[in-house]
Amino acid sequence: MACDNRTANASARLSPREAVSYSCYFLNILTGRKPLMGAERLATQHGWAAFARVRRRIPSRLRSVRVRRMACPSEHVAEIVAVVEDGRLHQAMTFTFRATEAGWRLDDCELIDGSGRR
305 MACDNRTANA SARLSPREAV SYSCYFLNIL TGRKPLMGAE RLATQHGWAA FARVRRRIPS
365 RLRSVRVRRM ACPSEHVAEI VAVVEDGRLH QAMTFTFRAT EAGWRLDDCE LIDGSGRR
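Numbering (our numbering), first residue to last: 305 to 422.
A hint or two may mislead.
[To be verified] Label-pair distances were calculated between CB atoms; the ranges are:
hint, residue 1, residue 2, range
1, 342, 414, 20 to 26 Å
2, 345, 394, 29 to 35 Å
3, 406, 364, 30 to 36 Å
4, 332, 360, 17 to 23 Å
5, 329, 405, 18 to 24 Å
Hints listed in this document are in silico derivations from the structure and should not be mistaken for laboratory results.
We put the CB at the ideal spot given by N, CA and C, even for glycine.
Work out the full structure: start from the sequences and follow the hints.
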(Lines of atoms letter the chains of each structure in order from A; the text may use other names.)
(Lines give C-alpha, C1' and ligand atoms only; values in the text may rest on other atoms or scores of the structure.)
Protein backbone atom coordinates (compact mmCIF):
# COMPACT_ATOMS: atom_id res chain seq x y z
CA MET A 305 0.00 0.00 0.00
CA ALA A 306 2.95 2.37 0.44
CA CYS A 307 3.34 2.47 -3.35
CA ASP A 308 -0.18 3.86 -3.72
CA ASN A 309 0.59 6.73 -1.34
CA ARG A 310 3.74 7.66 -3.23
CA THR A 311 1.83 7.67 -6.50
CA ALA A 312 -0.96 9.80 -5.05
CA ASN A 313 1.51 12.39 -3.73
CA ALA A 314 3.73 12.43 -6.84
CA SER A 315 2.06 15.48 -8.39
CA ALA A 316 2.48 17.43 -5.14
CA ARG A 317 6.23 16.78 -5.15
CA LEU A 318 6.94 17.68 -8.78
CA SER A 319 9.83 20.06 -9.13
CA PRO A 320 9.46 22.99 -11.55
CA ARG A 321 13.04 22.27 -12.61
CA GLU A 322 11.75 19.15 -14.30
CA ALA A 323 9.47 21.32 -16.44
CA VAL A 324 12.49 23.45 -17.40
CA SER A 325 14.33 20.28 -18.35
CA TYR A 326 11.42 19.23 -20.58
CA SER A 327 11.38 22.67 -22.21
CA CYS A 328 15.08 22.24 -23.02
CA TYR A 329 14.23 18.88 -24.57
CA PHE A 330 11.58 20.47 -26.81
CA LEU A 331 14.00 23.28 -27.73
CA ASN A 332 16.63 20.71 -28.68
CA ILE A 333 14.09 19.08 -30.98
CA LEU A 334 13.70 22.42 -32.76
CA THR A 335 17.49 22.70 -33.20
CA GLY A 336 17.75 19.15 -34.51
CA ARG A 337 19.87 17.94 -31.58
CA LYS A 338 17.18 15.55 -30.34
CA PRO A 339 14.80 13.33 -32.31
CA LEU A 340 11.09 14.11 -32.43
CA MET A 341 10.20 10.50 -31.75
CA GLY A 342 8.96 9.96 -28.21
CA ALA A 343 8.32 13.63 -27.45
CA GLU A 344 4.56 13.26 -27.84
CA ARG A 345 4.35 11.35 -24.56
CA LEU A 346 5.65 14.48 -22.76
CA ALA A 347 2.76 16.64 -23.99
CA THR A 348 -0.99 16.84 -23.65
CA GLN A 349 -3.04 16.64 -26.82
CA HIS A 350 -3.39 20.44 -26.91
CA GLY A 351 0.31 20.92 -26.16
CA TRP A 352 1.36 18.55 -28.94
CA ALA A 353 -0.83 20.43 -31.46
CA ALA A 354 0.69 23.76 -30.30
CA PHE A 355 4.22 22.36 -30.66
CA ALA A 356 3.39 21.15 -34.19
CA ARG A 357 2.18 24.68 -35.08
CA VAL A 358 5.42 26.18 -33.78
CA ARG A 359 7.49 23.67 -35.77
CA ARG A 360 5.63 24.64 -38.96
CA ARG A 361 6.25 28.36 -38.32
CA ILE A 362 10.02 27.91 -38.09
CA PRO A 363 11.41 27.94 -41.65
CA SER A 364 14.67 26.21 -40.76
CA ARG A 365 16.38 24.70 -37.75
CA LEU A 366 17.25 27.03 -34.95
CA ARG A 367 20.91 27.75 -34.28
CA SER A 368 20.70 28.86 -30.68
CA VAL A 369 18.18 28.40 -27.87
CA ARG A 370 18.28 29.61 -24.25
CA VAL A 371 15.85 29.37 -21.38
CA ARG A 372 15.52 32.88 -19.96
CA ARG A 373 12.87 32.79 -17.27
CA MET A 374 10.59 30.43 -15.37
CA ALA A 375 7.56 31.28 -13.26
CA CYS A 376 5.03 29.18 -11.38
CA PRO A 377 1.68 31.00 -11.18
CA SER A 378 0.34 27.99 -9.27
CA GLU A 379 1.86 24.79 -7.93
CA HIS A 380 0.47 22.84 -10.89
CA VAL A 381 1.54 25.22 -13.67
CA ALA A 382 5.04 26.20 -14.82
CA GLU A 383 5.58 28.89 -17.46
CA ILE A 384 8.93 29.11 -19.23
CA VAL A 385 10.22 31.81 -21.57
CA ALA A 386 13.04 30.95 -23.97
CA VAL A 387 14.95 32.92 -26.61
CA VAL A 388 15.45 31.22 -29.96
CA GLU A 389 17.67 32.33 -32.84
CA ASP A 390 17.77 31.14 -36.42
CA GLY A 391 20.77 33.18 -37.54
CA ARG A 392 18.72 36.23 -38.53
CA LEU A 393 16.15 36.81 -35.83
CA HIS A 394 15.95 36.48 -32.08
CA GLN A 395 12.45 35.51 -30.97
CA ALA A 396 10.82 34.62 -27.69
CA MET A 397 9.06 31.34 -27.17
CA THR A 398 6.77 30.44 -24.30
CA PHE A 399 6.04 27.03 -22.83
CA THR A 400 3.28 26.18 -20.37
CA PHE A 401 3.58 22.91 -18.50
CA ARG A 402 0.87 21.39 -16.31
CA ALA A 403 1.39 18.87 -13.54
CA THR A 404 -0.46 15.64 -14.26
CA GLU A 405 -0.48 12.25 -12.57
CA ALA A 406 2.28 11.22 -14.98
CA GLY A 407 4.42 14.31 -14.25
CA TRP A 408 4.89 17.61 -16.08
CA ARG A 409 3.35 17.72 -19.54
CA LEU A 410 3.59 20.43 -22.20
CA ASP A 411 0.16 22.05 -22.32
CA ASP A 412 0.84 25.01 -24.62
CA CYS A 413 3.67 26.72 -26.45
CA GLU A 414 3.89 29.75 -28.70
CA LEU A 415 6.54 31.44 -30.80
CA ILE A 416 6.20 35.17 -30.29
CA ASP A 417 6.63 37.09 -33.53
CA GLY A 418 9.26 39.77 -33.12
CA SER A 419 9.09 41.09 -36.67
CA GLY A 420 8.07 44.55 -35.49
CA ARG A 421 11.26 44.97 -33.44
CA ARG A 422 14.94 44.97 -34.26
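Are residue 345 and residue 394 spaced within 29 to 35 Å by their CB atoms?
holds, 30 Å
Cβ distance range 17 to 23 Å for residue 332 and residue 360, holds or violated
holds, 18 Å
Range hint compliance [Cβ, residue 342 to residue 414, 20 to 26 Å]
Since residue 342 and residue 414 have Cβ atoms about 23 Å apart, the given range 20 to 26 Å holds.
With respect to the beta-carbon atoms only, verify the hint that residue 406 and residue 364 lie 30 to 36 Å apart.
With Cβ atoms ~33 Å apart, the hint holds.
Take the C-beta atom of residue 329 and the C-beta atom of residue 405, compute their distance, and say whether it sits inside 18 to 24 Å.
At 20 Å between Cβs, range holds.
When held up to the earlier numbered hints, the structure conflicts with none and fits them all.
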